[in-house]
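Participant: Whole structure, please, built from the sequences with the hints as guidance.
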Amino acid sequence: MDQFTLNWIFIGASFALYIGIAIWARAGSTSEFYAAGRGIHPVTNGMATAADWMSAASFISMAGLIAFTGYDNSSFLMGWTGGYVLLALLLAPYLRKFGKYTVSEFIGDRFYSPTARMVAVICLIVASTTYVIGQMTGVGVAFGRFLEVDKTTGLFIGAAVVFAYAVFGGMKGVTYTQVAQYCVLIIAYTIPAIFISLQLTGNPIPGLGLFGDHVASGEPLLAKLDMLVEELGFNSYTGHHADTLNMVLFTLSLMIGTAGLPHVIMRFFTVPKVADARWSAGWTLVFIALLYLTAPAVGAMARLNLITTVYPDGTASAPIDYEARPDWMATWETTGLLKFEDKNGDGKIQWYNDKSDSFAETAAERGWEGSELNVNRDILVLANPEIAQLPGWVIALVAAGGLAAALSTAAGLLLAISSAVSHDLIKGAINPGISEKGELLSARIAMAVAICVATYLGLNPPGFAAQTVALAFGLAAASIFPALMMGIFTKVNNKGAVAGMLTGLIVTLVYIFMHKGWLFIPGTNQFTDADPLLGTIKSTSFGAIGALLNFAVAFAVSKSSDPIPAEIEELVESVRVPKGAGAAQDH
Amino acid sequence: MADNSSSNAYWSANLRIIKISLVIWALVSFGFGILLRPLLSGISVGGTDLGFWFAQQGSILVFLALIFFYAWRMNKLDAEHGVEE
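Residue numbers (our numbering), protein chains in the order written: chain U, 1 to 587; chain S, 1 to 85.
Source of the hints: derived by calculation from the structure; they are not laboratory data. Worth double-checking, as some hints may not be accurate.
The calculated DSS-like cross-link candidates involving lysine-lysine, where the alpha carbons are at most 25 angstroms apart (straight line), are [stated by the list, open to error]:
id : chain 1 : residue 1 : chain 2 : residue 2
1  : S       : 76        : U       : 579
2  : S       : 19        : U       : 579
3  : S       : 76        : S       : 19
4  : U       : 343       : S       : 76
5  : U       : 437       : S       : 19
Facilitator: Here it is, written out as structure tokens:
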């Protein structure tokens with residue numbers, strides 16, 4: 001059976017599984033759909049939240065970004081897990097005690113202001129839409145590869161599937177479907193990693209293999225990798241080459257963004273008790289950590305395998321002939337995401353760092369006229385089992401896992417956007433008298449608009465999937481997180497919160513647009529991340545600064561206006577103690 | 001509902017636990033993983049140094065321990081102050 005057929009059997013079977021579970025669970029009880037998660041064990045809830053949260057960025061894109069830069073991209077690993085500490089300590093238990101269903105409702109009630117609620121809704125829509133663009137990039141890559149078409153066609157097909165998936169909708173809310181998605185996703189991610197770790201280091205646990213010895217050479221794996229990449233003029237894999245300030249701010253942005261993303265926070269509103277909200281955050285991180293502890297090994301090992309594929313006789317000898325390239329390179333070439341250009345016309349694939357001055361001499365001696373291989377970072381995880389020559393079913397499994405990650409999160413975000421527009425924005429503010437039918441229609445229209453925007457921008461994305469998603473985290477970090485934290489830990493008033501959120505959102509959005517293009521339209525940017533406006537601070541790292549400005553403005557405005565009313569003071573006091581959460585929920 | 005003095009004691013105990021946890025959180029990620037990495041460069045772990053291990057593995061493991069510690073400690077604190085559900 002050829003690979004193409006095998007891929008579709010695995011993808012088809014996994015979809016049949018999700019739909020089957022959705023139908024079974026819905027037949028069981030309709031209220032489950034609305035109460036999503038109430039009365040569900042923290043372990044199950046954690047698994048479902050992990051599936052909801054880990055998207056194309058985590059699954060498809062992240063390990064590739066780590067592979068090509070090494071240590072400097074550790075920010076993704078620390079940032080996207082460290083945020084759960086903030087969520088567990090600073091937000092989850094209190095929001096659960098508050099007992100409403102959405103983030104914007106909390107902000108509206110706590111800051112006793114419909115304006116605050118509207119601003120929160122707008123922040124939510126902006127961050128979620130940016131997030132969907134990143135997902136679409138990943139979806140385009142995955143569909144392009146598995147249908148063996150170019151990435152643009154892949155993106156259009158992917159967009160149609162995501163739309164259908166989101167309209168089918170309900171299955172998103174069924175916890176057990178997400179548990180199944182998590183299982184497919186984590187098996188698909190770890191099995192090839194285990195195989196590759198065994199091949200290279202003899203250790204079945206990738207996270208340990210990463211720090212083990214490379215079987216073929218007897219040297220430590222990372223030392224071997226450092227040597228190989230440096231021999232080709234690249235920066236050492238384990239070395240710290242990035243700007244430190246930017247790395248710290250980027251990590252911080254991802255952390256507070258994680259704790260500010262509405263679709264994650266919402267999961268903790270619906271657990272049975274405050275104590276469960278605390279445990280749930282821990283279990284969620286357990287299931288996320290399984291992927292995140294594996295990802296750095298996937299990255300390093302893929303880079304090593306890629307180098308040995310191109311230079312089978314060692315980096316000092318000649319690379320392979322283009323005609324003798326492995327099949328996976330040829331299939332990825334059809335997507336346009338892997339490109340070969342024979343610059344010196346010798347028919348061999350020279351892949352090295354042609355921007356390194358110190359390596360230029362060696363390259364000239366060897367008759368190399370520029371690096372000839374261009375590998376898109378986003379293909380690495382999907383190509384990984386092929387690079388390591390694993391069996392066909394493993395490759396098919398990864399295909400199913402990648403699509404599960406991208407589709408579940410993209411559909412979830414579209415639902416969040418559509419309900420924010422129809423429920424919070426239109427029904428809550430613009431037209432409170434809207435009929436149920438009208439509300440449903442506006443939800444569908446909002447969803448269609450969001451997916452069109454995301455697809456259009458996904459054609460020329462502002463970065464690789466994980467980088468675009470990082471921008472969404474920056475926006476959430478700058479707008480939502482500070483408002484939630486001040487709502488619980490301080491007595492900041494309505495005016496302070498609104499001014500803070502608006503400042504954080506607008507300043508961060510402007511900074512991002514100045515570097516990535518206005519409304520992400522390519523070519524409209526004034527600066528680039530290679531040479532940013534403020535020193536070394538890239539647009540992906542600006543969320544942390546936006547958050548600081550949010551806090552500062554909120555405190556300043558709050559100090560100079562009226563203190564919060566007595567009943568809000570009581571609300572804050574009651575949110576701080578777990579007792580009575582059951583009652584709060586019954587309102 | 002617990003009386004005010006008890007809930008104040010509860011809240012300041014909670015804030016203390018949060019502060020300690022966040023210091024550890026920042027130490028293993030921003031500290032060991034990034035800023036203090038040069039200081040740890042003498043300790044080698046599998047072909048690289050301890051800072052690299054913290055950045056790509058260790059910090060995540062500590063985050064997990066922190067969340068479970070906080071959940072356990074706070075559930076105990078709730079009971080001590082009689083504010084559990």
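Participant: Are the hints correct? Go through all of them and say.
Facilitator: Now for the hints, and whether the structure bears them out:
1. 76(S) x 579(U): holds, 13 angstroms
2. 19(S) x 579(U): holds, 23 angstroms
3. 76(S) x 19(S): holds, 17 angstroms
4. 343(U) x 76(S): Status violated; Cα separation ~67 angstroms.
5. 437(U) x 19(S): Violated, at about 49 angstroms.
In this structure, the earlier hints numbered 4, 5 are contradicted, and the remaining ones agree with it.
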